[in-house]
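J.: For reference, the chains in residue letters:
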Amino acid sequence: MNPRSDHHTRRHGRGAAGLALLAALALACTVAPLLSDGAAPLRADSDPVLTALTDGRGSLSFALLSGLLGAGLGLGWAVLATALGERTERRLMAAAARLAGLPLALLAPLGAGLMGGGLPLLALLVAVSAAPLVAGLAHGELRDLLRREFLIAARAAGLSQGAILRHHLIPNAVRPLLAAGAVALPRALAVESFASLLGLGLPSPVGSWGATIGLAARLGDGLALIPAALLLSLSLWALHAVADEALSLAAEGPHGGAATDARA
Amino acid sequence: MTTIAPALADPPTTNPPVAADGLTLLAGDRVLIDRADLRLEAGAVLALTGGAGAGKTLLLRALAGLPLPGVAQAGQAHVDGRRLLIAQGGRMAPQRPLALQAADVIGHHLGLDTSAALRRMADALDRMGVPAAARRFDLPPDRLPDSLRWAALFALAIAVGPAVLLTDAPAAGLDPTVRLRLLHRLADWARESAVALIVAGRPEDGLDGPADQRLALHGGRLLPTPADPTPLPAPNPARGRAGTEVMTARSVTVSFPLGVSPTGEERRLTVVHPLDLDLADGETLVLLGETGSGKAMLARALLHLPPPTKGHVAWMGRDLAKADAAGMRRIRRDLQPLFPDPAAALDPAMTVGGQLATVLESLRPEIPADRRAHRVADALRAVGLSADTATRWPATLNPPEAARVGLARALIPEPRALVCDEPLATLSAEERADFWDDLLTARDRRRLPVILTTERVEEGLRHADRALVLLMGRVVESGDADALLHHARHPYTQAMLSAARGEAPALDGDAPSALRPPDGCALRLRCPKARSFCAQAVPALEQVAPGHQVACHYWDTP
Chain A
1 MNPRSDHHTR
11 RHGRGAAGLA
21 LLAALALACT
31 VAPLLSDGAA
41 PLRADSDPVL
51 TALTDGRGSL
61 SFALLSGLLG
71 AGLGLGWAVL
81 ATALGERTER
91 RLMAAAARLA
101 GLPLALLAPL
111 GAGLMGGGLP
121 LLALLVAVSA
131 APLVAGLAHG
141 ELRDLLRREF
151 LIAARAAGLS
161 QGAILRHHLI
171 PNAVRPLLAA
181 GAVALPRALA
191 VESFASLLGL
201 GLPSPVGSWG
211 ATIGLAARLG
221 DGLALIPAAL
231 LLSLSLWALH
241 AVADEALSLA
251 AEGPHGGAAT
261 DARA
Chain B
1 MTTIAPALAD
11 PPTTNPPVAA
21 DGLTLLAGDR
31 VLIDRADLRL
41 EAGAVLALTG
51 GAGAGKTLLL
61 RALAGLPLPG
71 VAQAGQAHVD
81 GRRLLIAQGG
91 RMAPQRPLAL
101 QAADVIGHHL
111 GLDTSAALRR
121 MADALDRMGV
131 PAAARRFDLP
141 PDRLPDSLRW
151 AALFALAIAV
161 GPAVLLTDAP
171 AAGLDPTVRL
181 RLLHRLADWA
191 RESAVALIVA
201 GRPEDGLDGP
211 ADQRLALHGG
221 RLLPTPADPT
231 PLPAPNPARG
241 RAGTEVMTAR
251 SVTVSFPLGV
261 SPTGEERRLT
271 VVHPLDLDLA
281 DGETLVLLGE
291 TGSGKAMLAR
301 ALLHLPPPTK
311 GHVAWMGRDL
321 AKADAAGMRR
331 IRRDLQPLFP
341 DPAAALDPAM
351 TVGGQLATVL
361 ESLRPEIPAD
371 RRAHRVADAL
381 RAVGLSADTA
391 TRWPATLNPP
401 EAARVGLARA
411 LIPEPRALVC
421 DEPLATLSAE
431 ERADFWDDLL
441 TARDRRRLPV
451 ILTTERVEEG
461 LRHADRALVL
471 LMGRVVESGD
481 ADALLHHARH
491 PYTQAMLSAA
501 RGEAPALDGD
511 APSALRPPDG
521 CALRLRCPKA
531 RSFCAQAVPA
541 LEQVAPGHQV
551 ACHYWDTP
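Chains A and B are the protein sequences, given in the same order. Residue 169 in UniProt numbering sits at position 169 of the first sequence, with consecutive numbering throughout. Residue 369 in UniProt numbering sits at position 369 of the second sequence, with consecutive numbering throughout.
What the hints contain is simulated information worked out from the structure, not anything from laboratory work. Remember, it's a predicted structure, so these values are computed and weren't measured experimentally. Backbone N, C-alpha and C fix where the C-beta goes; we use that ideal spot for every residue, glycine too. A few of these clues could be false.
[Stated by the list, open to error] Below 25 Å or equal to it, Euclidean Cα-Cα: the simulated SDA-like pairs (lysine to any residue) are: (1) B/Lys529 - B/Leu485; (2) B/Lys529 - B/Ser513; (3) B/Lys322 - A/Gly113; (4) B/Lys322 - A/Ser233; (5) B/Lys322 - B/His304; (6) B/Lys310 - A/Val128; (7) B/Lys322 - A/Gly162; (8) B/Lys310 - B/Thr351; (9) B/Lys310 - A/Leu198; (10) B/Lys529 - B/Gln494; (11) B/Lys310 - A/Leu151; (12) B/Lys322 - A/Gly253; (13) B/Lys310 - B/Gly354; (14) B/Lys310 - B/Glu366; (15) B/Lys322 - A/Ser160; (16) B/Lys322 - B/Thr309; (17) B/Lys322 - B/His312; (18) B/Lys310 - A/Ser160.
[What the hints assert, rightly or not] Pairwise CB distance ranges (calculated): (19) A/Ala97 - B/Asp519: 57 to 65 Å; (20) A/Gly140 - B/Leu68: 45 to 53 Å; (21) B/Arg330 - A/Leu121: 52 to 60 Å; (22) B/Ser193 - A/Ala97: 41 to 49 Å; (23) B/Asp434 - A/Gly13: 36 to 44 Å; (24) B/His78 - A/Gly140: 31 to 39 Å; (25) B/Arg30 - A/Gly13: 47 to 55 Å; (26) A/Ala97 - B/Glu204: 51 to 59 Å.
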């Protein structure tokens, strides 16, 4: 086995492990409330593991919601920039690059603190904090795609712009764009947890790992802190692993084809 | 990486500096090199050729005393005296200035201090023909042009002065005229300094030219290089009896915007200067030139992929720029391209058959949909592929198969001309011969006029009727293929022909940057015939014989 295929296997293994872990976490978080005795979990005397799992519902579903929103925003940004012509493209992408360099994670607690919170506002702020990164990645992928020789071959075959878009561009763009979008999920979870840690995140009826960690740290309750912190780190690792895997699969191209250069 | 084997004592012996007796290399129970016998005298130059994976690198490393881990060695390999191996890729520490690297390496081997080492390095650079002004001692290798980096690497080896120099794929990737010049200089130095030199590379790299002895690795055996298995055909003047003109290009110019200069004027990079071209029915026209000559951009402009910046192209009297969508589709049906990287020109997300069917659907709408699969299978069989290639994904094709699929795609709409841009660039020497056969068969059977771009001058001329030689976007010589092959007048054509035959080209230095072309003739900084007048005017094409034009102020001076 050559080193390259060995490397491939290891990377694929990591993505699969991440996906399996995420599925297990989602399942555990869903069934956790059924395992409690039915009474509202009083934080002082309930089982810390069950509490953390129950909190996971809030954290994970909010990360999914705001992550998808952020991915959509970022992808829309990149597609719009690419479609609007060189000048606008340069401006839009320069703005994305500048924004991606700022500590946008502060945006969520700052906005929630100033404007009083609320789920929709928080979701929007988290999405905005993830969007520039997604836009940058997606734009790079789109630019690479537009430079590919098979698009010129398609023009030589007399295909119209619309046919090239339908038959060649969209089928080849889906994978890299989805992969770029996947990067928004771990970012959304991290930003939400950070805001909740400061007490400026998800509103109180919705439990969240960040909020539990923050509360436990303030109360000095190590027993409540450890499960929540562990589950949060595991989820972040799993989401990152899946996103990395998606990006590397997109770079490989469909059907084992090289997405960048056939003879690289 | 410059791998320097430990310096060995140099006892005076009668043995040749390199001797291998029954040298066998094994990985597990697999024999990689089988009983290789080799003797190389001091001052002899050996070309060691072999295809990809033939074991050239393994053999060189075994001779350098640096066998790869996991490779067992049997038999005898003696190398006397100091040996140096210039490994594949010729990499040096990318960010460390050249002067410091030279001082390190020369100091390590010869125990010289920095200034003495640099003096030695400067002398060695002189030997490699690097002009003093181009000696960028303070630059790291990453910022040197490839040719200068290779010259510096060879100079470093010369400065150390080994008894045996082993080079793996030396100067690979450089233009033929530059590569052959460096290799000849290195070989001349080896002969004068009684150094045993081995240059290893692919058969198509032209390493045989500078060498005195030639060996080829084939199937693990080291054998004398066979005579050229497929001698190139002589150009056949009877074949291309030119018919009527089918394609005309007038004042075709290709340039790219470079932004706005500080003075407010728009700067453009012109890669093809205004140029006229005609293609007659049944004729094969070859566009020759090295990197940056503009041949590929010209070929694309002729197909309007994209259209030229200025000028116009007409196919059968119809201007491509004025054609409407339906007219353009008819022209595209007639004019089909072959791409330099056939695999990259196939959509990875669509099967081979799907792509060929798309071409039929677009360019031959009169063929009913249920006949398309049949046509696709026929087209694939016609280029020597099996019909079930249609169900394969492009990523599963090897380079010769991808090249054939590219040919099938070009031929499936039954075009009336082919524009081929380096169609064999991704193929190895044996694969090239086969693909030439297919391409020429398709051309002759359909009497197709063909435009072909290539940097392999001799190969191009032998398969063509007429040729244009391009240098930095201008035609410097044009004429019948036979005339150019035997009576080339322009120094650039002559140099490319010399390089193709393995001789030392008469040009010095490197091609100038397209961003800062020299005034006057683009070749004058490299040309042996250059005089001061060459800087004052760009030479225009003048007739030197019927149908033979040259753009050189001094083409008639010896």
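J.: Now tell me, hint by hint, if it's right for this structure.
T.: Against the structure, the hints:
1. For the hint linking B/Lys529 to B/Leu485, the alpha-carbon distance of about 20 Å falls within 25 Å, and the restraint holds.
2. Distance hint between B/Lys529 and B/Ser513 is fulfilled; the C-alpha atoms sit about 21 Å from each other, no more than 25 Å.
3. Annotation: proposed proximity of B/Lys322 to A/Gly113 is violated, straight-line Cα distance about 62 Å (limit 25 Å).
4. In summary, the hint linking B/Lys322 to A/Ser233 is not supported, as the alpha carbons are separated by about 63 Å, beyond the 25 Å threshold.
5. With a CA separation close to 12 Å, the supplied pair B/Lys322 and B/His304 stays within the 25 Å bound.
6. Distance restraint check for B/Lys310 and A/Val128: the Cα-Cα separation of roughly 45 Å exceeds the 25 Å cut-off, and the hinted pair is therefore not satisfied.
7. Distance check on the hinted pair: B/Lys322 and A/Gly162 sit about 21 Å apart at the alpha-carbon level, within 25 Å; holds.
8. Restraint check: the Cα-Cα separation between B/Lys310 and B/Thr351 comes to about 37 Å, which exceeds 25 Å; the hinted pair is violated.
9. As the CA atoms of B/Lys310 and A/Leu198 are separated by approximately 63 Å, the hinted pair breaks the 25 Å bound.
10. Between B/Lys529 and B/Gln494, the direct Cα distance comes to roughly 12 Å. Compliance with the 25 Å bound is thereby established for this hinted pair.
11. For the suggested pair B/Lys310 and A/Leu151, the alpha carbons sit about 23 Å apart, so the restraint of at most 25 Å is met.
12. Our distance criterion of 25 Å between C-alpha atoms is broken by B/Lys322 and A/Gly253, whose separation comes to about 38 Å.
13. Between B/Lys310 and B/Gly354 the alpha-carbon distance is near 36 Å, which puts this suggested pair outside the 25 Å criterion.
14. Restraint check for B/Lys310 and B/Glu366: not satisfied, since their Cα atoms lie roughly 35 Å apart, outside the 25 Å limit.
15. Of the supplied pair hints, the one linking B/Lys322 and A/Ser160 holds, its CA atoms being roughly 17 Å apart against a limit of 25 Å.
16. Proximity of B/Lys322 to B/Thr309 is assessed by CA-CA distance (about 14 Å); at most 25 Å being required, the pair is judged to hold.
17. Restraint check for B/Lys322 and B/His312: satisfied, since their Cα atoms lie roughly 9 Å apart, inside the 25 Å limit.
18. Annotation: proposed proximity of B/Lys310 to A/Ser160 holds, straight-line Cα distance about 24 Å (limit 25 Å).
19. Hint check: A/Ala97 to B/Asp519, Cβ distance near 40 Å, so the stated range 57 to 65 Å is violated.
20. A/Gly140 and B/Leu68 have their C-beta atoms about 37 Å apart, which leaves the hinted 45 to 53 Å range violated.
21. Taken as a hint, the range 52 to 60 Å holds for the pair B/Arg330 and A/Leu121, whose Cβ atoms sit roughly 58 Å apart.
22. For the hinted restraint 41 to 49 Å between B/Ser193 and A/Ala97, the CB-CB distance of approximately 54 Å leaves it violated.
23. Distance hint check: the CB atoms of B/Asp434 and A/Gly13 are about 41 Å apart, consistent with the given range 36 to 44 Å.
24. Hint check: B/His78 to A/Gly140, Cβ distance near 54 Å, so the stated range 31 to 39 Å is violated.
25. For the hinted restraint 47 to 55 Å between B/Arg30 and A/Gly13, the CB-CB distance of approximately 29 Å leaves it violated.
26. For the pair A/Ala97 and B/Glu204, the supplied restraint of 51 to 59 Å is violated, since their beta-carbon distance comes to about 44 Å.
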